[in-house]
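*Asks:* Listed below, chain by chain, are the residues.
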Amino acid sequence: MKLIVAIIQPHKLEEVKGALEAVNVNLMTVSNVLGQGRQKGYTEVYRGMREAGGLLRKVRLDIAVNEDFVEKTIQAIVKGAHTGETGDGKIFVLDLQECVRIGTGERGSAAIG
Amino acid sequence: MNAGDTAWVLMSTVLVFVMTPGLAFFYGGLVRRKNVLSILMQCFIIMCAISLQWVLYGYSLAFGPDTGWGIIGGLDWAGLKGVGGAPNGDYAATIPHLVFMIFQAMFAIITPALIIGAFAERVKFSSFLVLTILWATLVYDPLAHWVWSTGGWMRRLGALDFAGGIVVHVSSGISALVMALLLGKRIGYASEPFRPHNLPFTVLGGALLWFGWFGFNAGSALAANELAANAFVTTNTATAAAGFAWALIEWRIHGAPTVLGTVTGAVAGLVAITPACGFVSPLSSIVIGAAASAICYMAIAVVKAKLGYDDSLDAFGVHGVGGAWGTIATGLLAEKAVNSAGADGLFFGGLHQFLVQLALVGVTVLYAAVVTFVLFKVIDALLGMKVDKKSEILGLDLSQQCESAYTVVE
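From first to last, the protein sequence lines are chains A and B.
Just so we're aligned, residue 6 is where the first sequence starts under the working numbering, counting upward by one.
Just so we're aligned, residue 555 is where the second sequence starts under the working numbering, counting upward by one.
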């Protein structure tokens with residue numbers, strides 16, 4: 006089991022969701038996050054005072070999958086989120102030790118899908 | 555007695571009243587989310603405290619029969635004794651004395667509330683409350699007496715302050731600077747970004763200020779007449795010019811006009827036209843408004859940044875500087891053609907009035923600064939003016955009010 010964490014542009018969320026659903030990955034957790042990468046932050050001006058270092062809005066997806074879904078999921082996220090510009094985001098793949106479905110008490114691979 | 559005048563001044567009273575909640579949101583949006591309730595609370599408690607102070611003795615000190623030197627009124631009208639339905643011919647012959655009193659009460663309320671901008675995010679609530687009541691008693695009431703009461707020495711000298719440039723804005727603005735200097739900076743000031751937590755609140759509050767200011771300025775004619783009309787038009791025109799000018803300045807310097815800048819400019823324009831609105835023409839009001847933005851922008855974005863004092867929400871930069879400019883501009887641009895009870899300013903051949911206005915700004919700055927300094931030192935020694943470091947970092951909402959403005963989890 007793997008946990009796939011993807012940081013993407015907020016306006017790409019719907020396309021990524023569509024691409025994931027097309028490969029039958031329907032379960033995900035979505036959160037609003039702030040961050041900066043090579044894109045760097047931005048500068049705001051308040052009453053003539055420049056405030057540098059503002060963080061950019063991003064969307065984070067947390068998706069737990071079984072091994073045979075890992076590549077499909079990665080491909081789908083890249084397909085949906087790619088523009089080629091700086092700031093498209095990143096995908097992290099982590100080993101997942103355990104998964105429990107709270108409703109039924111199922112564990113492991115059976116609990117993921 | 556005149557029903558039209560009475561209705562207009564009562565309506566204006568309501569308009570001035572709503573400026574304090576408006577100011578609360580103007581300021582509230584500018585602080586960080588952990589301090590927004592402390593600002594709203596400070597404004598709201600002032601509405602309670604000064605309403606009482608004014609009825610019990612404040613009105614009598616400010617407008618009561620002079621005690622001899624034009625410095626302070628006596629306690630003859632304390633508890634509103636003798637202040638009733640019959641008009642007082644000295645102040646407003648066509649409206650009940652009580653209506654004049656409650657109209658003035660709203661000015662007494664908003665003035666100390668303006669100072670909040672300077673000490674936002676770091677003042678102890680109890681000390682703030684004591685300071686506010688003493689400041690109203692020892693700074694606002696005497697100044698209102700000097701400028702507006704029949705026996706006041708500034709009034710006898712020929713001071714022109716239609717709606718409170720000296721009494722309201724210079725007094726609160728300079729006191730704000732003293733407070734900011736004595737209190738010191740907020741933790742992290744200038745080293746970490748301090749972003750306004752809710753600019754839509756600030757814009758809403760700024761719009762409410764503009765709305766209420768029609769009562770503040772046009773209501774100060776104390777009658778529904780042509781003078782009120784002039785004050786109304788100059789107020790709107792100066793404000794428009796000021797908001798527009800600030801946007802243009804930012805556009806030129808930073809590449810984009812900000813909404814915060816535009817609203818700040820509008821408020822600077824409102825402040826500057828306050829002493830002048832009943833004495834200048836609409837065309838002159840454009841000059842007053844546009845220049846107010848240029849001058850206040852310099853004060854906030856250049857001078858404050860260079861000197862490094864932490865006037866959190868620019869109470870001095872907008873009200874002190876804008877009020878002083880407006881008072882001096884009245885000495886430049888006032889015309890007897892607009893208001894025969896006024897005077898001609900420097901640009902209309904009246905050097906004397908210009909010098910009077912300059913002197914009055916100087917005296918007001920000195921008086922308000924000294925009294926605020928002493929009040930601060932006394933209260934600081936007895937109660938402590940600033941919250942401790944832990945409370946400041948936690949935020950005043952939790953440390954002073956024991957509540958939070960926004961929930962994170964449901």
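Keep in mind the hints are simulated off the structure, nothing from the lab.
Treat the numbers as computed from the prediction; the structure is a model and nothing was measured.
The reader is advised that the hints may include incorrect statements.
As the list claims (entries may be wrong) - Result set (SDA-like, lysine to any residue): computed pairs, CA atoms no more than 20 Å apart in a straight line:
{"no.": "1", "chain 1": "B", "residue 1": "Lys-860", "chain 2": "A", "residue 2": "Met-54"}
{"no.": "2", "chain 1": "A", "residue 1": "Lys-77", "chain 2": "A", "residue 2": "Ile-12"}
{"no.": "3", "chain 1": "B", "residue 1": "Lys-739", "chain 2": "B", "residue 2": "Cys-602"}
{"no.": "4", "chain 1": "B", "residue 1": "Lys-739", "chain 2": "A", "residue 2": "Tyr-51"}
{"no.": "5", "chain 1": "A", "residue 1": "Lys-77", "chain 2": "A", "residue 2": "Asn-29"}
{"no.": "6", "chain 1": "B", "residue 1": "Lys-739", "chain 2": "A", "residue 2": "Met-54"}
{"no.": "7", "chain 1": "B", "residue 1": "Lys-739", "chain 2": "A", "residue 2": "Arg-55"}
{"no.": "8", "chain 1": "B", "residue 1": "Lys-860", "chain 2": "A", "residue 2": "Arg-55"}
*Asks:* Hint by hint, note whether the structure agrees.
*Replies:* Hints versus structure:
Proposed proximity of Lys-860 of chain B and Met-54 of chain A is supported: the alpha carbons are some 11 Å apart, at most 20 Å. Annotation: proposed proximity of Lys-77 of chain A to Ile-12 of chain A holds, straight-line Cα distance about 17 Å (limit 20 Å). Restraint check for Lys-739 of chain B and Cys-602 of chain B: not satisfied, since their Cα atoms lie roughly 29 Å apart, outside the 20 Å limit. Proposed proximity of Lys-739 of chain B and Tyr-51 of chain A is supported: the alpha carbons are some 18 Å apart, at most 20 Å.
The hinted pair formed by Lys-77 of chain A and Asn-29 of chain A meets the criterion: a straight-line CA distance of about 9 Å does not exceed 20 Å. Restraint check for Lys-739 of chain B and Met-54 of chain A: the C-alpha separation of about 16 Å stays at or below 20 Å, so the hint holds. Distance check on the hinted pair: Lys-739 of chain B and Arg-55 of chain A sit about 18 Å apart at the alpha-carbon level, within 20 Å; holds. With a CA separation close to 14 Å, the supplied pair Lys-860 of chain B and Arg-55 of chain A stays within the 20 Å bound.
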